[in-house]
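S.K.: The chain contents come next:
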Amino acid sequence: MSDVIIELKGLSKNFGDQQVLKGIDLNIHENEFLTLLGPSGCGKTTTLRIIAGFEEPSAGEVLFDGVDISKVPPYKREVNTVFQKYSLFPFMNVYDNVAFGLKIKKMDKNLIEHKVMKTLKLVGLEGFEKRDVTKLSGGQQQRVAIARALVNEPKILLLDEPLGALDAKLRKEMQVELKKIQQEVGITFIFVTHDQEEALSMSDTVVVMHEGIIQQVGTPEDIYNEPENRFVASFIGESNIIEATMIKDCLVAFDDYEFECVDKGFKNNEAVEVVIRPEDIDIVKPKNAKLRGKVKSIIFKGVHHEIVVGTKHRDYLIHTTDYYEPGLDVGLSFGPDDIHVMYRMDWETGGAE
Amino acid sequence: MRKHRIGQILYIIVCFTFFYLPILVTMIYSFNSSKSLTKFESFSLRWYENLFTSHDIMYAVWVSVSIAFLATIVSTILGTLTSIGLSKNRKILKEIIINVNNVPIMNPDIVTAIGLMILFSSIHMEKGYLTMLLAHIVFCTPYVITSVYPKVRGLDPNLANAAMDLGATPFQALTKVILPMLKEGIYAGVLLAFTMSFDDFVISYFVTGNGVSNISIIVYNMTKRTNPTINALSTIVILVIAITLILVNVIPNVAKRRKEHKSVT
Amino acid sequence: MKHYVKMVWPYVIWAALIIVLPLLLIILYSVTKNGNELVNIQFTLENFKRMTEPVYMAVFIKSFELGILSVVICLILGYLLAYFIAGFQEKVQNLLILLVTIPMWINTLLRTYAWISLLSDNGLINSFLEMIGLQPLNMMYTDFAVLIGLVSDLLPFMVIPIHTSLCKIDQSLIEASMDLGANRFQTFWRVTFKLSIPGVLNGVIMTFLLSISTFVIPKLLGGGQYTLIGNLIENQFISIGDWNFGSAISVILAIIILVSITLMKRIDKDEIEEE
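Protein sequences, first through last, are from chains A, B and C.
Residue 243 in our numbering is what sits at position 243 of the first sequence, and the numbering runs on without skipping anything.
Residue 154 in our numbering is what sits at position 154 of the second sequence, and the numbering runs on without skipping anything.
Residue 267 in our numbering is what sits at position 267 of the third sequence, and the numbering runs on without skipping anything.
If you're looking for bench data, these hints aren't it; they were derived computationally from the structure.
Worth double-checking, as some hints may not be accurate.
[As the list claims (entries may be wrong)] Facing chain B, from chain C, some residues (calculated, C-beta under 7 Å):
id, residue
1, 7
2, 11
3, 18
4, 23
5, 26
6, 98
7, 102
8, 103
9, 105
10, 106
11, 109
12, 254
[Stated by the list, open to error] Here are the computed lysine to aspartate or glutamate pairs in the DMTMM-like style, where the Cα-Cα straight-line distance is at most 20 Å:
id, chain 1, residue 1, chain 2, residue 2
13, B, 183, A, 132
14, B, 39, C, 121
15, A, 85, B, 156
[Unchecked claim] Going by beta-carbon spacing under 8 Å, a handful of chain C positions derived as facing chain B:
id, residue
16, 8
17, 96
18, 99
Ideal Cβ positions, reconstructed from N, Cα and C, are used throughout, including at glycine.
Isolated chain A (complex conformation) (with noise of 0.2 Å):
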């Protein structure tokens, strides 16, 4: 991967005795598409605003580029913000908020107009300069709060729930438009959401976030087959979370038989969790598998049914395009790599053990 551009190193933060950070660290690189996922109140906007400038942290440091920045007011900071409800100028028209950083800058007025009408034609604004932006659509403002972001040419673009305010489809339409402004721009994008699918399928890098403490970093596809702990298994998407015991490497114990697995490095009999995706399990006829159980209900989604098999210990949630009758009889199949073991996690105080 590229070089780091911004090390949060032991980043906390307190407001009055509420703790909302409990030491960060984190490694964003250049041209990273990465995303601050978590739950309302896991600290993911509070990071966000820390290398904004708009907060201090009680303690640790931002370094950018290497140099620590934790004290630089967010004026004279390389990064600029896309806020949550765009907060928009409301007495300027499109092309005056656009343009409002360049003239703060004092920049010749022609480059300016440039610089404007390329970032409004990146946005797909064209024409809409001497628009009234609080005349625009929700998706509009949007455009134009990315745009009056990105004509700074910022090293790095905040973007705080920036989709947050859409209706469903257009939020589809916009996941696609960023990433591609993203790619276009070349810049390093932090992008903050509660919304694991927006994450999954926009970042480069997802940071998973609980109670002020990160819980996993790693692609989408890492986060998602191999989350580390419930928390993360239980976050992204659906899933069946079950107590085990690690016996020994690739072999767990769970709803009183053993399983093979291909995860290593626990110690022996150490208790753990085992997550199993619900398109992973396959039903198969009784006789054929270890696990059993009845049928309890079935829903039809569009692509999939979900289906709920009640066992002997246990509910299990499995997505599959067959239909099954309620109360049918079946077996419980998945294979070794469709079990992932993670270690038990500390409910008392939040984080992975």
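Keeping the supplied structure of chain A fixed, place chains B and C upon it in accordance with the hints.
M.R.: Quick look at chains B and C alone, frame taken from chain A:
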């Protein structure tokens, strides 16, 4: 339904007559050639001549206008900065300031007036133009704050951040983004402060001295006898205020309509 | 916005020196005697005791009577006016409200002065009465004149808040009430009036505050002998020079107003909680 309406309209006319008849009479008799308040003899500008040649009255007009002007400038700046600073302040401080700010509004003018009178004499400040100006700033600033502060509270708290994010210093963010956003509230505050100051009698009356009088004080001292010169002065003051108010109410509407018209075409 | 938090400090210092300190001085004066020298302060309650003398009690009672009477008259006239205005379409409403507002901005003194030419013995009203063959009335320097002056001065302060709260009423509530079988009068009483109470209370507070503390109107229309609380205070400070007694009266006046406002606000709150 129709009959109903006619009764209502009549009532409204009676009420408005009650408001405007005295004012109208004052205006008409300011053009009377005789001193009488009942017989209109002939049209003359005699009382206006009197007015403009009276050194005392012209001085009072100057005092009223200049104090209103200065008090408005100072209280608008003070009130606006305070309102902006207030919004993110600690809750206790915020409540104390808002409550103290309400004191000059809710307290009877006469109590505010004697309080200032005692204060100025306690610190041996000579009563006159300066004491009057200070007193006017005291009662004008709260009105500016009450009209600006709600606008500050309605602001998107990220607007200042957005400006700074784009490279504006806090001062630039203030002048280029926050103040323009508060424009309406500030204009309302200016209008309130100016007219409050210009109209004030009670407080000015108690805190002035050394022959410094504003229009109200001059009128108060001249009403011992009926004096058509006051009618002339009243007429001018009333016209100036009425025209200002009408312009203030009409111009924004016209401007708005013109803008809408433009954006449609 | 937190960059601007420090901008409140000039006003905090200013307010402490020139809003709070004068109030403390008034209180200090009210409980001391012989003027203002801090070197030999003598505490006393005599100033307050003196107010119970019949001469002064009469002034207080008169001020209250006149104040309450003018508030009641303003309430009746003002509510009707506000209610009728609220019935028009928005453009007409705005114009009418502007017309109600204009007198508020014109100097009380000038408007009160204007009444003199109408009410005086050889004024316009009397010459009109004479013209139609009626006895001229003696109006100047009577309670009637003072009341006219007060009501014309205060009426806009009643109309504006009531109109504002009437405009805020959701039209669908009135339709709902009619739909549920309430007639016009019941709807007015149980819905419209109830919802306009905050405006009424605001108007009552404003007009009471202004009427109880006035001294210009009684002086101009009631004559030199006409004394209300405001005139009493003025006399102590301007002609008699007994600042201690004057301060004591002011303290009482401020307390009366503070108590009335608190009571009114409480009614307002109870009303809302009851809903």
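S.K.: Next step is simple, just say for each hint if it's right about the structure.
M.R.: Comparing the hints with the structure gives:
1. Against a cut-off of 7 Å between C-beta atoms, the interface hint on residue 7 of chain C holds, since the closest Cβ of chain B lies about 3 Å away.
2. For residue 11 of chain C, the interface hint holds, since its Cβ comes within 7 Å of a Cβ in chain B; the closest pair sits about 4 Å apart.
3. The beta carbon of residue 18 of chain C is positioned within 7 Å of a beta carbon in chain B (closest approach about 5 Å), and the interface hint is therefore held.
4. Given the 7 Å rule on beta carbons, the hint for residue 23 of chain C holds: about 6 Å separates it from the nearest Cβ of chain B.
5. About 5 Å separates the beta-carbon of residue 26 of chain C from the nearest beta-carbon of chain B, less than 7 Å, and the hint is met.
6. Here the hint on residue 98 of chain C is kept, as its CB sits about 6 Å from the closest CB of chain B, short of 7 Å.
7. With a cut of 7 Å, the hint placing residue 102 of chain C at the interface with chain B holds, because the nearest CB-to-CB distance is about 6 Å.
8. Hint on residue 103 of chain C holds. Least Cβ distance to chain B is approximately 5 Å, under the 7 Å limit.
9. Annotation: residue 105 of chain C was flagged as interfacial toward chain B, and the flag holds, the nearest CB pair being 5 Å apart, inside 7 Å.
10. Hint status for residue 106 of chain C: holds, given a least beta-carbon distance of 5 Å to chain B, under 7 Å.
11. With its C-beta approaching chain B no nearer than about 5 Å, residue 109 of chain C sits inside the 7 Å limit, and its interface hint holds.
12. Evaluation of the residue 254 of chain C hint against chain B yields a held restraint, the C-beta minimum of about 5 Å falling below 7 Å.
13. For the hint pairing residue 183 of chain B with residue 132 of chain A, the CA-to-CA distance comes to about 18 Å; that is within 20 Å, so the pair holds.
14. Between residue 39 of chain B and residue 121 of chain C the alpha-carbon distance is near 14 Å, which keeps this suggested pair within the 20 Å criterion.
15. Taking the CA atoms of residue 85 of chain A and residue 156 of chain B, the gap is about 9 Å. The hint holds against a cut of 20 Å.
16. The beta carbon of residue 8 of chain C comes within 4 Å of a beta carbon in chain B, closer than 8 Å, and the hint placing it at the interface holds.
17. Checking residue 96 of chain C against chain B by beta carbon gives a least distance of about 7 Å; that is within 8 Å, so the hint holds.
18. With its C-beta approaching chain B no nearer than about 6 Å, residue 99 of chain C sits inside the 8 Å limit, and its interface hint holds.
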